[in-house]
Amino acid sequence: MAGFIAIIALAVLVGAVLLQVVARYLFASPPSWTEELARYAMIWAGLIGATMSFKRRFDPALFASDGSSNKMMAVLTGTIQSAVVIIYLTPILWFCFFGPGNNPARGFLLRHSRTMTDTLGFSTIWVAIAVPIMIVIILIHVLARWAGDDNETARSVTPASPDSADT
Amino acid sequence: TEVKIAMNGTDDPVTNAEAAFVHGFADALEGTDFKAVVFPSDTLGSEKERFDTTAQGLIEIDLATVSTGVGMSPLLKGVLLPFLFKDSDEFDAVIAKSDLLEQMNKPLLENGVRLAGFNYIGVGIGIHNSQHAVTKMADLKGLRLRALNPEQLEYEEALGASGTIIAWSEVANAIQVGIADGYLNPPNSSLRTGHTAFLVHFTPANISPSTRAVFVANDWYETLSADEKAQIDKALDAGIAANRAWLTDWSTKVMARMKEAGVTISQLEPGEREKMVEATAPTWKTIMAPDALQKYLDALKTVKN
Amino acid sequence: MQAVFLFILIGAGLLSGAAIAYVIGAASILTFILGDQANFMAALPQRLFSQLDVFAFLAMPLFIFAGDLMNRGGIASALIDFSMSLLGRLRGGLGHVNILTSVFFAGVSGSAVSDAAALGNSLVPEMQRRGYSLDYAVAITGASSIIGPIIPPSSILIFYGALMNTSVAALFAAGVVPGLLLAAMLMVMNAFYAWRDDHPGGAGSQADIPPIGKSFMRALPAMTLPVIILGGTLFGVMTPAEAAAVAVAAALVIGLAYRELDREAIRQSAIRTAVMLGALFIILCAISTFSYIAALDRLPQAIAAQITALGLGPLQYLMLVNVVFLIAGMAMDVKAAVALFAPIFVPVALAMGIDPVHLGIVICFNISTGLLSPPIGGVLLILATTCNINYWRLIRATLPFFFAEVALLIVLTFFPAISLALPHALGLS
Ligand code: NA
Ligand code: NA
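Just so you know, the protein sequences line up as chains W, E and L, in that order. Heads up: the first sequence begins at 1 in the numbering used here, then just goes up one per residue. Heads up: the second sequence begins at 168 in the numbering used here, then just goes up one per residue. Heads up: the third sequence begins at 473 in the numbering used here, then just goes up one per residue.
Incorrect hints may have been included.
[Claimed, not checked] Short derived list, chain W residues pointing at chain L, Cβ under 8 Å:
no. : residue
1   : V14
2   : V85
3   : M116
4   : D118
5   : A144
These are computed hints drawn from the structure, not numbers from a lab. We put the beta carbon where it would ideally sit given N, CA and C, even for glycine.
From just these sequences and the hints, can you work out the full model?
Structural data, given as structure tokens:
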């Protein structure tokens, strides 16, 4: 499902930018919405991509997490790994719905629901919502790891997987 | 307590008109319990982001481009309309003598932002280009001007030029390789960026005042006592006064600076600005809702009488 | 006390094998809470959103996508054949071929890692078969892969341009000469090693060198891509993002024409692009969290003040920047290092009158060289995996090339004209 959304978003991104080039040379003035559409497609593709990268342990790490034969050690490192993800993402998820002082009227999503895109004629909440969706999916992957989803992938991929540095 | 002021420019009151506001504001708070702390150069985020954190009451004061507020308060669009105001004095008079500011504020306040007033960053917007002197509207024909947004694109075309939307970071490149021939900006834009090296023609046209907004976090403001509110209001007025003093000083120097930078200044021939007003007036209605536009026209009428 | 606690947390997080992005994020969150600034966390969702909602980033996923499609589409093998027909006859010929292929490859891909992956899979076994040591074959592959992000397109230059609001087209133009200079230097080194260690090649080994005409025709579609990309961006026909989208379309057409791409390959390629973009985005998210707390505590101003107090001149300052980025590049992900340090060091440099384009090339060259440096060079890691060679043995073999590239970096630092001549000539900066 995540892969499907990412492919669609990427296709929209490529299509919108290509349309912009074609239109620049075919019509006197290119449509003004292509750039904004491309940017929003990129945000969707990237945030959904972040969940896929997490699931595949593709995010660069300083040290490999495998290679520990000690069961105690494995539980300890697994706990720390899950803890940093939860510590980082939970407050951000919370503040998608609440503002300072836990005021629901000033939450991130509600604020976006009242803001229009520049050219596309819909509310920016349809882009902003990708943020909490990304967080929820990653938190589900964290749970799934403890449920034993992770057995093969953890061993087959080095966490410091260099592919992640696209340089 | 700290009053955080976030801005996109540098904290240099000599070259930056918004920094002049900041220092006027900060000085006026001397002797109160408030202390202004400035966060220059987008350190607290880009335009949209600063606006958003102000709406949450986390930044007390945000010096922002007017267009960030347009998404919540469409009435603000009028400030950006081409050739609606004769000059910045007329704009100031309209804001002072009408209830427009109050009406602009209505949807903003619901979202936690209060528009306290406007800063200028320089003299009015004129025509920069790399090709030839522009003294008549007809001279714009054949020039491809960079557009900031669809609204600007529309009125550039109404003026007889062609337009193309280009991100600011690619503007220098685009003009030098010929994707665009120029842009509509106040003269300090090209002075600050060194674009004067290739944008060698400038025509002052007062297309619109080069206005930016002063947004105050309303959630914070409403927690203040009546005395404290008065102190902040006074400081805001002092900041805006410092900004206007800066502008007066700057307007005596700016054309000399442009000439020093090698730019040819061309004045519009008599009657040409009127032609431009006439050509672009129809775009007002497409840029803005008719009833909102009417509010500006009514306010202008009272000022002109 | 708080600092000690945070230090332990970061250490434990990194040691546990958690991803750098989440460790930085978690440490930043705890700094908000411990510093009694928890209220400001309410700004984080928007902070993260704004960090990603950047026009100039558009070129990045598109170039990643184009590069991956080309890898799958048989372009690497076409470029290797063509380089063979040009340089295969020389002593140490395959070493030269390796470098030249990377130059061609650099024109279509923005990534050293994908260059190393492609040539590590194909050219390294071929070099071994012809009698090169595995160590040397892998080392020259790694050293020349660094040309990838220097010659445009380049994902680091796009990233830098977007973060620092500098023209990507000007940065692209500025990368051409340093990239070619790097290739020339590596070829001289390769010729020296070929002579000293008596590498294979030279007369009598022409048996399987492809005919030049045929290999040229096969490589031609692949070589039109750099023309589209470079020509399009440097002469103002397209923005970098548009050129990247055209490259995607062209890679699809060429891959289908070579009959190497099918539906499944394209799907895989899109998935991989999304994963790479995602890994990048989560780093950006974490950096945006960290830089927000740093800005609230006015850390950049404090660092700038410290540096100003040192009273460095522009050249000394550039060398300081080099040292910082070299150290950062040794330990960190490339883009994380740029995102973390560029906003702190670049504004001070610009205030000193250092050219932003020159600075961009110096930082990009520096950070790319870091991909070859121990302990965690990205290129080294992928080569160790794809070529099945011991990591520390590989580092030993690569080290002379790493030092030579650092020397070239210093030359680029002291002679801005090397980078700036081309963009000036094209009127880009
Ligand atoms: Na490249
Ligand atoms: Na190579």
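How the hints compare with the structure:
With a cut of 8 Å, the hint placing V14 of chain W at the interface with chain L holds, because the nearest CB-to-CB distance is about 5 Å. Taking 8 Å as the C-beta contact cut-off toward chain L, the hint placing V85 of chain W at the interface holds, the least distance being around 5 Å. A distance limit of 8 Å between C-beta atoms decides the matter here; for M116 of chain W the minimum to chain L is near 15 Å, and the interface restraint is violated. Interface hint at D118 of chain W: violated, since its Cβ lies 11 Å from the closest Cβ of chain L, which is beyond the 8 Å cut-off.
At its closest, the beta carbon of A144 of chain W sits 16 Å from a beta carbon of chain L; the interface hint therefore is violated under the 8 Å criterion.
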